[in-house]
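Student: Single-letter residue listing:
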Amino acid sequence: MLCRKLIGPITVVAALTVAAGAHAAEIARYPDWKGAWERYVPPGSTPSPSGLLTPGGQPSFDQTKPWGRGQQAPLTPEYQKVLEESIADQASGGQGNNFDRARCMPTGMPHNMTFGPLEFVVTPDTTYILIGTQARRIFTDGRDWPKAIEPSYVGYSIGKWIDEDGHGDYDLLEVETRGFKGPRVFDATGLPLHFDNQSIFKERIYLEKANPNVLHDQVTVIDHALTRPWTVDKRYVHSSNPRPDWRESSCVEGTGLVAIGKEMYVLRGDGVLMPAKKDQPPPDLTYFKK
Amino acid sequence: MLYRGSIGAIALLAWVATAGAQGFDPGKYPDWSGQWDKSDAGPPRYDPTKPSGRGQQAPLTPEYQANFEANLADQAAGGQGNDTTYKCIPLGMPRQMTGVSPMEFVVSPGATYILFESAMAPTRRIYTDGRDWPNDDNSTFAGYSIGHWIDSDGRNRYDTLEVETRNMRGPRVFDPSGIPVHADNQTVIKERLFLDKANPDILHDEMTTIDHALTRPWVATKSYKRQRKELWVENNCNENNNHVAAGKQDYMVSADGYLMPVKKDQPPPDLRYFSPARKQ
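Protein sequence lines correspond, in order, to chains A and B.
With the numbering used here applied, the first sequence corresponds to residues 1 to 290, in that order.
With the numbering used here applied, the second sequence corresponds to residues 1 to 280, in that order.
Think of the hints as simulated: they come from the structure by calculation, not from any bench.
Beta carbons are placed, not taken as given, at the ideal position from N, Cα and C, and that holds for glycine.
Be careful, since some hints might not be right.
[Said to hold, decoys possible] Only some residues are given here: those of chain A computed to face chain B with a beta carbon under 10 angstroms:
hint, residue
1, His-23
2, Ala-28
3, Pro-31
4, Gln-72
5, Val-122
6, Leu-130
[Stated by the list, open to error] Here are some, though not all, of the chain B residues that point toward chain A, as calculated from beta-carbon distances under 7 angstroms:
hint, residue
7, Gly-27
8, Ala-119
9, Asn-240
10, Val-244
11, Pro-261
[Claimed, not checked] Capping the alpha-carbon separation at 25 angstroms, the derived lysine to any residue pairs in SDA-like fashion look like this:
hint, chain 1, residue 1, chain 2, residue 2
12, A, Lys-289, B, Ala-73
13, A, Lys-262, B, Gly-257
14, B, Lys-263, A, Asp-270
15, A, Lys-34, A, Gln-134
16, A, Lys-278, B, Gly-247
17, A, Lys-34, A, Leu-172
18, A, Lys-202, A, Thr-76
19, A, Lys-160, A, Arg-204
20, A, Lys-278, B, Phe-274
21, A, Lys-209, A, Glu-164
22, A, Lys-278, B, Pro-30
23, A, Lys-181, B, Lys-229
24, A, Lys-34, B, Pro-267
25, A, Lys-160, B, Gly-257
26, A, Lys-34, A, Ile-162
27, A, Lys-202, A, Asp-171
28, B, Lys-50, B, Ala-76
All chains, please: the whole structure from these sequences, using the hints.
Tutor: This is how it looks when you write it as structure tokens:
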């Protein structure tokens, strides 16, 4: 028989214990996405000029196909022309539609999800995707879309956790992202998204049931540069290193390119400017005293 | 006197409490949610209680005091001195904790993350999983941070995060006035992060920097105030940056897209590699 004097304190301890247990139990409902998630490399990939293994060229939006034209993106005729002009400009030494990336502007969606490694930090209210210097925040706190979204390269994301298999745990994160600024590209050929920045991305992110070391991000892009929604299944492979080495990469440090106005030049190792294209005029020096 | 039946009940409750604590229990950690910005007025600086620049009274060695003075002279003449932000080089530690931009703390099992609105402040990962220092020489601007949660007041909840950061690379400075960090990048930074006892919407970062540019450890306490309603605005250095670095020279680009000098009588860039017919 319980002593009456102890009922009060025991009740408090019990309540706190239940709360602590409830906290931990809630956290345990979310999937374990910890660690580093590397870019998936499809079978048959070959080394690109940059050394990365790919189906062709630099890493691409649809991981199973080469970049640029190889993506067979469902572009409108107008934006197919943007792509062709970009490729032509790059062939002559320019940056084409990838000019802003070349001057170290943020990649934004969807290009930022191309390279890896990614890190997912899951909390009940927000899932963070850490990608180099960018962080995506996927709000899962039940909020509505704000009346006005501050545009950004990564966009504004709202997500919802789903218990797809009915086992009592969350296994799928559905995400919608809007509110962009640009220009943004699908890959470094300058494969374009529409300059109106009205892109909408819908994603389904989940671990592969047969192999939990593979994370899928099924992405559907709805964009006015496209004739129809474009869906690809991006995959990431879990790094076996229990303590991933998160290396810093600073675009401005490694770049040999200099943008002056709308022109891109090359900076030699000795710090002297060079043209990037044949017959490119030098920068105008009107403001320098003769 | 404790009744026998009560002893059993209490023991059972203790077991349940322990079992609940096997997983990560957010209830044991302080609430650092929200958006944090520096609480003092004036430009971001290492010691917020003092003016920036010489007013910081940084305990620099004679060699690095001379370096600092030369830097100030260059800035006065229109140059950037030691400050590399005009090239959008990451800020690094300790400068990125001076309130350069709003921050977010994400406390999770095994690590506490600090995310910054400014893309020039790399994400900090403070590992609290009990790991040792790595053997590799991978250095970053933000450094490698190991932390320990402390229950400093014995209330069975963590309230202080003690952090040590090493393995930084440079160049780094303490603040925009260019107070230098030693070029050997052997900086060690120790921090104690905790909420103000009287006002839980104030977070303190008691920071001690140990560096060979200094004659002694430099201690300062930074404070940040919380905004519960968050608004994250992308802050990209390259977006509106009209500086152009060509070699060791800094220039600017005018509103009409032409290159301009930043100092009096600054020579134009060397254009020897441009076709003679194209030069002006």
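Student: Can you confirm whether the C-alpha distance between B/Lys-263 and A/Asp-270 stays at or below 25 angstroms?
Tutor: holds, 22 angstroms
Student: So, as I understand it, the hint says B/Val-244 touches chain A; can you test that by seeing if any CB pair is closer than 7 angstroms?
Tutor: Holds. Min distance 6 angstroms.
Student: Closer than 10 angstroms between Cβ atoms is the bar; does A/Ala-28 clear it against chain B? Give me holds or violated.
Tutor: At 5 angstroms from the nearest chain B Cβ, A/Ala-28 passes the 10 angstroms test, so the hint holds.
Student: Holds or violated: A/Lys-34 and B/Pro-267, Cα atoms, limit 25 angstroms.
Tutor: At roughly 53 angstroms apart (the allowed maximum being 25 angstroms), B/Pro-267 and A/Lys-34 break the hint.
Student: Per the CB criterion, is B/Ala-119 less than 7 angstroms away from chain A?
Tutor: OK, holds: B/Ala-119 within 7 angstroms of chain A, min 5 angstroms.
Student: Holds or violated: A/Lys-202 and A/Thr-76, Cα atoms, limit 25 angstroms.
Tutor: With a Cα-Cα distance of about 20 angstroms, the restraint between A/Lys-202 and A/Thr-76 holds, given a limit of 25 angstroms.
Student: If you draw a straight line from the CA of A/Lys-202 to the CA of A/Asp-171, is it 25 angstroms or shorter?
Tutor: holds, 17 angstroms
Student: Holds or violated: A/Lys-160 with A/Arg-204, Cα cutoff 25 angstroms?
Tutor: holds, 10 angstroms
Student: Hint check: A/Lys-34 vs A/Gln-134, CA-CA at most 25 angstroms. Holds or violated?
Tutor: holds, 18 angstroms
Student: Is A/Lys-34 within 25 angstroms of A/Ile-162, Cα to Cα?
Tutor: At roughly 19 angstroms apart (the allowed maximum being 25 angstroms), A/Ile-162 and A/Lys-34 satisfy the hint.
Student: Take a quick look at whether A/Lys-278 and B/Pro-30 sit within 25 angstroms of each other, Cα to Cα.
Tutor: violated, 60 angstroms
Student: Less than 10 angstroms between beta-carbons is the criterion; does A/His-23 satisfy it with respect to chain B?
Tutor: Interface hint status for A/His-23: holds (5 angstroms vs cutoff 10 angstroms).
Violated hints, in rising order: 3, 4, 9, 22, 24 and 25; the structure is consistent with all others.
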